[in-house]
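Trainee: Here are the chains, one letter per residue:
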Amino acid sequence: MTIRKNYRPNRRAVLQASGAALMGLTLLPRHSLSAEEKQVNFYNWDTYIGETTLADFQKASGIEAKMDLFADNDELFAKLKEGNPGYDVIVPTNDYVERMIKADMLETLDHSKIPNFSNLEERFQDAAFDPGRKHSIAYMWGTVCVGYRKSKVKDGVKSWKTLYDSDEYAGKVSLLGDAQNVLGHALKYLGHSLNSKDPGQIKKAEELIIANKKNIKVFADDNGQDLLASGEVDICQEWNGDILQVMEEDDDITLAVPQEGGLLWQDCLCIPKGAPHPQNAHAFINYLLDAEAGSKIADFIQYATPNGAAKKLMDKEYLENPAIFPSDETIAKCEAAVFLGQEVTKLYDDAWTRIQAA
Amino acid sequence: MESWRDNRFVFWVFALPGTLWLLVFFIAPLAIIWALSFGEQVDLVNVEVTGTLQQYARALTDPVYIQIIWKSIWISALATFLCLVIAYPIAFLISFASTRWKTVLLVAVILPFWINLLIRTYALIAVFRTRGFANFGLEWLYTTAQLDHVFGPFEPLPLLYNNFAVIAGLIYVFMPFMVLPLYASVERLDKSFLEASLDLGASQVRTFFSVTVPLTMPGIVSGIILVFIPCLGSFLTPDLLGGTNAQMIGNVIERQFKAANNWPFGAALSFLLMYATFGALALRAAFAGRKQGMEV
Amino acid sequence: MAIRLSTLGSQGPIDYSRRLWLRTMVALTFLLLYTPIITLIIFSFNDSRRNVVWRGFTTKYYVKAWNNDSLIEAFTNSLTIAVISTVISTILGTMIALLLWRFRFPFKAAYEGFMALPIVIPEICMGVAMLAFFSRVGFPTGMPWPLNLSAITIAHIAFSFPFAAIVVRARMAGFNRELEEASRDLGASEWQTFWNVIFPYMKPGVIAGGLLAFTLSLDDFVITFFTSGPDTVTFPVKVYSMVRFSVTPEVNAASTVLVVITVVMTVLAMRLQAPDKTEAH
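Chains A, B and C, in that order, are what the protein sequence lines are.
For the first sequence, my numbering gives the first residue as 36, with consecutive numbering after it.
For the second sequence, my numbering gives the first residue as 90, with consecutive numbering after it.
For the third sequence, my numbering gives the first residue as 30, with consecutive numbering after it.
Among the hints, erroneous ones may be present.
To be verified - Anything over 12 Å on all C-beta distances counts as not near chain A; from chain C, calculated:
(1) Tyr91
(2) Arg165
(3) Glu210
(4) Asp248
(5) Val272
As the list claims (entries may be wrong) - Which residues of chain A face chain C? A few of them, derived with a C-beta cut under 7 Å, are:
(6) Trp80
(7) Asp81
(8) Thr82
(9) Glu86
(10) Lys101
(11) Ala106
(12) Gly118
(13) Pro120
(14) Tyr122
(15) Asp257
(16) Glu284
(17) Asp286
(18) Pro357
Keep in mind that the hints were calculated from the coordinates and are not lab data.
Ideal placement from N, C-alpha and C gives every residue a C-beta, glycine not left out.
This is chain A alone, in the form it adopts within the complex (with noise of 0.2 Å):
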């Protein structure tokens, strides 16, 4: 049984046992045990690590690394809002990330312990949304992209219009089930930019997708993949690695960057402030950042990795493969979400709350 493995009896276990006994209201410290025993509390999705990497880390270096689970970056920002219960290691998005720069709720890195840093790609040794990456150091990244049939989008999709105004697929369509993202892109195919904060042109966008809602099938909150797959719909947009899953299962089925650019993402390892193990959190991105461990990451989920160094242990179907890896050009016409402020925040809610309920 793993359960019991991490049973480890000693008097301060038995001092916070008898704390939680009375309820929880005596006033102990949070995380009064020794600073920096042998261990590492990551906070990341589900089957977003290699399948051997935490353990392949204990082995090299001793340190238990223990996982737990989110399910998006909102769950974990208002988690870790009212003070961290005991993470270490967290993988928000780039703009939450600079969300909780701005909240003052990460850790400064300290890049002397991680020289795996140089093993990055250079464009990703910087940010704009962490300059000089103090707070955050990449781990995965890619785009927000549309999926389609080829057998029933015989053109392709060239340009968001197809999504957002056009009834040529009417019915066929499925956009993502997020303010931000939804908006972001009409912005974009209107020529603006996907963080706008104009008034304006956040209305001009939700205009645009009242007018077309009678050809969108669904807001789909994160399972666009599988009804595109289900041949429910033809056309979704959806995050790169989600398509890519089910094109490895269906030939008919491929993912395009429109013309007028995408979202970019990057998915980030933070110290969330108040980390019970700060050493061992710096060791743990310094393992992660590894050649070998990163390629074998790389190699699990199957999206694209900032990792220089891993890059070079990965083999050419992967490197080579453009719904991973996008164009230069590509890349060129995308745009990072930016942290827009919690007024703009709320006009592309209540835009959000509207469109839904006409």
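Once you've looked at the hints, dock chains B and C against the given chain A.
Mentor: For chains B and C alone, coordinates are given in the frame of chain A:
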């Protein structure tokens, strides 16, 4: 009913554990959120409780929220009613079955609900989608009956991504909340009342509506409460099964606590929903109280 | 009575469990209830990473699920929480139901409303409330198993026991109070009256309430997510996190195993429960 003064010891033994648990582990946490509903988000993480009513004002003045609440109410009401209609025969059959079968049927009703909601909902999608088993089954019936020669080829029914799917999904999710209280209530039905009614010449239908239903009313009411209220707050089912306008108030509330990062507004919406529910419950209590008064 | 039995044979007028139309209706409902479950079981043998298209038969996901430590850990955590929460919620709920049934006291209507609060509150609101609460009181996290589950269990009990109370209360509404009074008049103690008179009558309500509490706890995601510490993954938390990529057939396999275990246990329980001992307690 005895007064609590008659037997103070028993009264406190029954009252204290549950009340304390609820006070410490529910009311105290909820009080924090209640306070937030009178505040505003000053920056990303901090909410200042200023005593403002602006969150409530926003919810009540923007017609879009009233419209969504109204939609949530009728969807939930319809789902609850259909749930009652479907669950009553099941509860009835279980109650009248032999003891052995009672166990089997009870477990059979509850078993699907021990499978994770999300997995169950995905399975439901696999059944309902255009190329799902429901449509395959219908197509088979259609072609077997040679209807395709008369009406042309089979057109798959759009069973997903509309209000029908949301209501079907809600019924599917909340079924045990209706069956269990109904069962507990029908089971204690004194069968001799039914026999008496039938002996006196009432039809089965009349017996059902004049004897069975009134006698099982507590179970019916409990079932309605346990289904209708959680339906109102549900967000996963409309999210996954609904079409482009499926959003219910639960979705809006969920978004405020997550993507929109506006806890005060989410709190205000939650409490508005609660006040409304309590208003309805209080009306019911007043009504029930009057009836009870008449009986005594 | 005897006359009617003899004249009508095996199907009496209130022998509803033998009515064909009632049976048909219930059978149809069960068909609808179980079609998705059967689909899920079928897809657990599907040689594909997702539940969409059939790509051949395999049992590899059962092997994978069995070897997946984190999946088994999540499952064990969920079951542990559900069992503890069910026992405590059923007891608390029953006591509250009896309280409301037996006593008159000031502000009773308000008290009933207070008890209904956890049912009324939207899940996410309660989840966030729990998050704020546990972090503000400094509830210790990172404790050894199973104490690390205590925050989740406490929250589960808080939202489950009012459900149990409502079910038991509905059952008690029809109890003939004279029985209780008679028992006391005959000199039975408070406890004897409860155990020999009230409890046997109440039992179906308690079972129904317990089943409800178990179901609620086993399936809860939102509140669990917000009360969990760094090493307390439960089954729903795992499933929701998986969805970002796809719900793998491993989860279907694990769910199938749960179904099979429940069915086997029910059959065993039925075997043990000889027909003449049905009222034993």
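Trainee: Hint by hint, note whether the structure agrees.
Mentor: For each hint, the structure was consulted:
1. For Tyr91/C, the requirement that its beta carbon stay farther than 12 Å from each beta carbon of chain A is met, with the minimum near 18 Å.
2. For Arg165/C, the shortest C-beta to C-beta distance to chain A comes to about 8 Å, within the 12 Å cut-off, and the non-interface label is violated.
3. Every Cβ of chain A is farther than 12 Å from the Cβ of Glu210/C; the closest lies at roughly 39 Å, confirming the non-interface assignment.
4. No Cβ of chain A comes within 12 Å of the Cβ of Asp248/C; the nearest lies about 15 Å off, and the non-interface call holds.
5. Its closest Cβ contact with chain A, about 6 Å, brings Val272/C to no more than 12 Å, contrary to its assignment away from the interface.
6. For Trp80/A, the suggested interface contact is upheld, since its CB lies about 5 Å from the closest CB of chain C, less than 7 Å.
7. The criterion of a C-beta within 7 Å of any C-beta in chain C is met by Asp81/A, whose closest approach is roughly 4 Å, and the hint holds.
8. Interface hint status for Thr82/A: upheld, as the beta-carbon distance to the closest one in chain C is roughly 6 Å, under 7 Å.
9. The restraint placing Glu86/A at the interface with chain C is violated, with a minimum CB-CB distance near 10 Å, outside the 7 Å limit.
10. For Lys101/A, the interface hint holds, since its Cβ comes within 7 Å of a Cβ in chain C; the closest pair sits about 5 Å apart.
11. For Ala106/A, the shortest C-beta to C-beta distance to chain C is roughly 4 Å, which falls under 7 Å, so the interface hint holds.
12. Given the 7 Å rule on beta carbons, the hint for Gly118/A holds: about 4 Å separates it from the nearest Cβ of chain C.
13. Proximity of Pro120/A to chain C holds as hinted, the smallest CB-CB distance being about 5 Å (cut-off 7 Å).
14. For Tyr122/A, the interface hint holds, the least distance from its beta-carbon to any beta-carbon of chain C being 5 Å, beneath 7 Å.
15. Against a cut-off of 7 Å between C-beta atoms, the interface hint on Asp257/A holds, since the closest Cβ of chain C lies about 6 Å away.
16. Interface hint status for Glu284/A: upheld, as the beta-carbon distance to the closest one in chain C is roughly 6 Å, under 7 Å.
17. The closest approach between the C-beta of Asp286/A and any C-beta of chain C is roughly 12 Å, which is over the 7 Å cut-off, so the hint fails.
18. Using the Cβ-Cβ criterion of 7 Å, the hint placing Pro357/A at the interface with chain C is not satisfied: the shortest such distance is roughly 21 Å.
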